[in-house]
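Heads up: the protein sequence lines correspond to chains A and B, in order.
Per numbering that gives the first Met the number 0, residue 0 is the first one in the first sequence, and the count goes up by one each step.
Per numbering that gives the first Met the number 0, residue 0 is the first one in the second sequence, and the count goes up by one each step.
Everything labelled a hint here was simulated from the structure, so no lab data went into it.
Note that the structure is a prediction, hence the values are computed from the model and not measured.
Don't take each hint at face value.
Said to hold, decoys possible - These stretches of chain B come out as covered by chain A in the derived footprint (C-beta under 8 Å, 3 or more residues):
{"no.": "1", "stretch": "341-351"}
{"no.": "2", "stretch": "436-446"}
{"no.": "3", "stretch": "475-482"}
Glycine included, each C-beta is placed from N, C-alpha and C at the ideal position.
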Amino acid sequence: MSARSVKALACAAMALLGCSEGVSMGSGYEASLRVRGGRYVAGEFPAGSDPEAGAPMADASTPQPPPAVAVVNATSLAVQQGQLGKQFTGSVSYSARTVAVGLEHDRGYWIVPVDAADIDLPPNLAFHATTDFASDLTPGPVNLLFAAIDAQGRIGPRRALPLTVRSSLPDAPLAVVLDWDRPVDLDLLVQLPDGRTLTARGLRSADGAYTRPTDGGARIDLNSNAGCVIDGTRRETATFPAPGTGRYEVRVHLFSACGEPSTAWRVRVVRAGTVVREAVGTSWSWETDAPGGGPSDDGRRALVFEVSE
Amino acid sequence: MTKRRHPPVARGIGAALLASSVGLAQPAPAPTPAPVTAPPMPGPAAPVEAPATPAEPAAPPTPVAPVATPAEAPPAAPTAAAPAPVTVPPPSAPAAPPATTNTESSSGFTFPLGAFTLRVLPYLQAQYESHQESEDQLSSDGAHLLNRDRFVLRRGRLVVGVDHRWAQLLLELDVNTQQGVAVGARQAEATLRLPVDDHGRTPASLTFGLFRTPFGHEVLRSARDRVFAENALFAQAFFPGESDVGARVQGALGWFRYAVAVVNGHPLDEPVYGGRAPTAPRDVVGRLGVDVRSERVRLTAGISALGGSGFHAGSPQGVDTLGVRNTSETGTLTPDDLALIQGRAAVRSQNFARFAAGADVAVDARLAANVSLYAWLEGAFGQNMDRGLFFTDPVVTGYDLRGLGLVAGATATLFSRALVGLRVDWYNPNVDGTTSVAGRIVVAPRDVFTVSALAGVQVPGTATRLVAQYDVVRDHLALGTDGLPTDFANNRFTLRLQVSP
Chain A
0 MSARSVKALA
10 CAAMALLGCS
20 EGVSMGSGYE
30 ASLRVRGGRY
40 VAGEFPAGSD
50 PEAGAPMADA
60 STPQPPPAVA
70 VVNATSLAVQ
80 QGQLGKQFTG
90 SVSYSARTVA
100 VGLEHDRGYW
110 IVPVDAADID
120 LPPNLAFHAT
130 TDFASDLTPG
140 PVNLLFAAID
150 AQGRIGPRRA
160 LPLTVRSSLP
170 DAPLAVVLDW
180 DRPVDLDLLV
190 QLPDGRTLTA
200 RGLRSADGAY
210 TRPTDGGARI
220 DLNSNAGCVI
230 DGTRRETATF
240 PAPGTGRYEV
250 RVHLFSACGE
260 PSTAWRVRVV
270 RAGTVVREAV
280 GTSWSWETDA
290 PGGGPSDDGR
300 RALVFEVSE
Chain B
0 MTKRRHPPVA
10 RGIGAALLAS
20 SVGLAQPAPA
30 PTPAPVTAPP
40 MPGPAAPVEA
50 PATPAEPAAP
60 PTPVAPVATP
70 AEAPPAAPTA
80 AAPAPVTVPP
90 PSAPAAPPAT
100 TNTESSSGFT
110 FPLGAFTLRV
120 LPYLQAQYES
130 HQESEDQLSS
140 DGAHLLNRDR
150 FVLRRGRLVV
160 GVDHRWAQLL
170 LELDVNTQQG
180 VAVGARQAEA
190 TLRLPVDDHG
200 RTPASLTFGL
210 FRTPFGHEVL
220 RSARDRVFAE
230 NALFAQAFFP
240 GESDVGARVQ
250 GALGWFRYAV
260 AVVNGHPLDE
270 PVYGGRAPTA
280 PRDVVGRLGV
290 DVRSERVRLT
300 AGISALGGSG
310 FHAGSPQGVD
320 TLGVRNTSET
330 GTLTPDDLAL
340 IQGRAAVRSQ
350 NFARFAAGAD
360 VAVDARLAAN
370 VSLYAWLEGA
380 FGQNMDRGLF
390 FTDPVVTGYD
400 LRGLGLVAGA
410 TATLFSRALV
420 GLRVDWYNPN
430 VDGTTSVAGR
440 IVVAPRDVFT
450 VSALAGVQVP
460 GTATRLVAQY
470 DVVRDHLALG
480 TDGLPTDFAN
490 NRFTLRLQVS
500 P
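If we strip away everything but chain B, and leave its shape as in the complex, we get (with noise of 0.2 Å):
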């Protein structure tokens, strides 16, 4: 079992395994100790054949707090650096873009097995989360569990890649105890590409699969290498679990990145099709980017955008069935609790229209000799997008609904130990949203405002960190005594160690 830079062909795993196809891995930990004579970033990230790897099990988007689908993705370039398990990797890789800051994590181990190259990477995430509206009861159905403070399993990963001069194979499981033990697959991808070149890039790959979906930046980037625990609310409506299955061609040239594809319209976590075709693929999208580094600074941006078409669901034939109400509070049933309740046709279904767009940036800097920051900012228009949070649905509405997500923010490493961030996060799922206020329609804000602040540690050269992280949300939740909606007290803390090369 080796550790080692990866040599042509096993970068390109490297980059699929661990480089944020599109987008600069979050801060990792930097790679060696030494800040300022910062090891060599092997290649810039393969942007485009990366993988990302998953969410989790969607959790009940309940309105009530919008908590998290993560996602991950590759990380940037195989880094240098880390200490490793088996091999140190030889000093420098052919052509190595001098590294910068923080983004460089781990890629795994490695094990050559002659044309092919088997690499693995895990990582464990495993926090103690505690949320202001959590109560020790169960909802009155029975079905759901109130409580929301508690220790869970967020991420346990396995990415094993394979990887040959014209091919790739990445298959990502998870497991994880979000709402129990669960145990699947995040990503599974099989890639055709042209060779990759010594930093890991393919000028042009088709892949068919379970793969992320590309779009911005949140969805794209690992839920290893993002510090803040889970991708912003917007990312999180619009793409739930941030899989979807479908082809995608995408590819590195030079600085710029190109990435589309075909998907099922379905990610993983869409409650009831997530991971299923309910209609044909419609949905096109793809990212359009830039990976400029220099020596002390990287940066990414893009342009991104999807169409495609929703489904709303019909009705099965029904049957005629006897209701009984006990209208009368006798308790003993009388003709008048009585009703027939007949049964209808069936209803067709119906496709709607959606689409999207958006933009990103973001800033990988070596600022000083012991701090870099990486700095992002991107933002999402959607129509009839929201899948994972509110549940935009047109048919239902009468209207289409429009969402909008911007989210900045910001992560420091000091000494290469200490870790802060700050991250401003704001989703509007309706921005046309109105409610009934006495009989009379009014505009009514839904939109959905989070502060979060962490502050953590973490093991030189690894993705190994312990983070705290609390989140003020303000949203639109409750019912206000004016008949508007209101703040939901609904904050929340954090606490997460992650393990990870």
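In isolation and in its complexed conformation, chain A is listed as follows (with noise of 0.2 Å):
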């Protein structure tokens, strides 16, 4: 018997047991949305129903109207690429079970159930839902989308909350950005048409000196993941608020692997906001310091670019 025959003879038990096949829950990654704690449902953000229609309640006429969301709340309506943990709570009426949450156009959707009662607007119920929002969102004006359905599944009118997309790259006149895609110690270079390298810890001279950065000169946001100790940000900015002209190299050192095989890593040039330049690579474990040691090398190199004026 082959497992094709064996699967149908045990759906065809379930079949007759009264069972059928559940619901998906993917894990989202897919989506440009991420809700904690919610389920995920691949596809389009479902039509609501025409708040006027309603249907028949079980022991009369009277039509009961569709759940519906009746207040949506935000700290604020901007939103960062890869922003984490961004809070919604809201109101919906008082037959509504769960809330449909989702992105206009993304690839799916989540459900998120609904709270105890709405103690501001009483008799309705409350919830909420923690956002993550992906790295790679467009920047701009997007819809995020709420809907109340209720035990019978009805789902209710849309309810459309205008959220703008901030690029999560700095608007400085001259930037470069440095993101890698595993906890690993990585560390962003820039040597200056002046010779010396800025670091995470200031300026480098040619004597290996190091000066601190000053308010309004070129610095090194952060050092992510310094010694390991993975604070899962994965990224390093150098702004320039007033760049010099000339010749700059950028370089990836990876200073530790703690303990990964490798990461892959990009490197983006941003002026004033726009990517102007682009290199993406790969280090390698093997390429790491002693432990211990400092940045004795100075990593390998991504990318060579001029400002001219």
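Take the two lone chains, each set in its own frame, and fit them into one complex as the hints suggest.
This is the structure:
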């Protein structure tokens, strides 16, 4: 008996028992929005019912309107690419049992349960959604959609919350952004036209001396995952409020692989919020310095660019 | 190296190695090709002293897909047949009761060493498995693989026994790739006993070490002999890894079987404390049973009970920490984003009571010349007993959690070469389960219902087989649009190759 036959038999047995296939719950990584604790549903955000339509109640001819989202609250209507933990709260009709949440035109949406009574808007029920936004979410306006669902599975009208997605890239006159994909201690180094090298510690001159970055001067925002204390950021950004003209060389240095075999990275040169150059590469664990060693070498060259004005 | 019918001394360990202490072994390959003239079963499987084989490193009892933790226990009595590598057992051992069915299995290889007998039984289970919920991703924290479609070495076991007239040593080692390559002991027993009889049974034995918890049928059955891929869910939940560390007294008096043990109460694959003892041993567990045979049928049945205490870990002393939360969503740190999180004094740990009771029955019968059937039914009830799948802790929930499990299954061996089987497995980890829907507490089902069907082929006279199994799982692990738990699509398919003498 083949596996297919076995499956058919098993399914037949289940059918006889009145059982059905379950719902799938993907990770939702394909979507630009993720809702913690929610159930992911692939596909278009469901079309809402006509709020005027209603459905007859079981015990009377009085139509019961589909559930509706009355209020949605957020700290701000701006969201940054890759933002984590943004909270949305709201209020839905008393008949609602769950709420669908999703970005317009996204690959899927999420189902979250409603909470207890909304003490500010009785007899409505409250709901909340803790959301994460994808790093590659397109900057610009986007609607975050909400729709209430009742116990019968009826979906109420959509309610749109207009959000503005901000680029996570700096809008400085010149910036260099290094991103990578694994929890390793990777460092961004930028050799400036004057021969000094910009590091997370400051400006390093040819003799190895460091100068602390000054207000308004070039700087690297942080040393992510320094010493393998994993912060999850996996990004370092060098900003140049007043970039000098000349040749810049961007280097990527794997200070410590933190137990990982390799990491893939991307370097982007950004001018006034626009990416003008990009390079990708991979750093391997064998490129790291000896444990405890500082950046004894400057890693590998990622790209070179010129600033002419 | 010889494979033969065990002399009295050796037979004890044969039983230990292969006999299910309390129950029948599962349909193993029928002894010899000759169905009707089934080879005599050397001795009524030494029910009592049987060791069992353990399970694997607990699988993320992912609520999502209640996977499995296997176990294994020595199967039935040392069997006659089975083309063996080295020695061919003499036609009959003393007073070998007529063999019946397919529960017989090889006893491995024996090496007489003076007053001792060394016995070795290897087996290996490798498989391909496919899960409906599998996804080529990592969990959001990067710590877990969401892909579950894979080839995996489920169990690579080596059971080694040293048998003496008055004593016995048993060691079972395992290597698997369930969660990366892992090597460990699944059983390690040191036993003093009264001499075994011709059937490999002893009226009394005392064992210290790591052994299968003497409860029910599923827990004591060998994964080598169990044709279905894993144990029933309640067995995985109540006894994750099957084995526990402790002391056991067991024996066989005619058709009567008994086993009583005091164990640490933290089975091998229990997360966090598995194989350890955060509390003094308080779990007393045992099984009373019967093992009756006729020419064509063997019946085993028993009742089991466990009483003891679980452990709720307290919290260690904390320290004040500074918390950062970007409440302003400005991307820059503001005073509102900072919060002092005060450390707390240590919180004491607590014990809680738990108990379980169960009953089981199994029948191994030769229905016709070329057809043998193995069927079993087992049920168990437990309070605060789930230590492997859903983790019941009344200190957390504020009330005792009652779980109930039932399993019924049957496998048939056709012409000594083909296997078919069907199993129905139901487990409710919390019969009083509730959930909050729209601010109201409502009763919510939590049970998991699994129908498993299998088909396979086997090499006659051995435990070598290729089996395909499909599990249809109906549970309540997903969120329905009505706010209630609903069925999660997590059926699975397993194609397993087992090689063993």
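Next on the checklist: For each hint given before, does the structure comply? Return the numbers of the non-compliant ones in rising order.
Outcome noted: Those not satisfied come down to hint 1.
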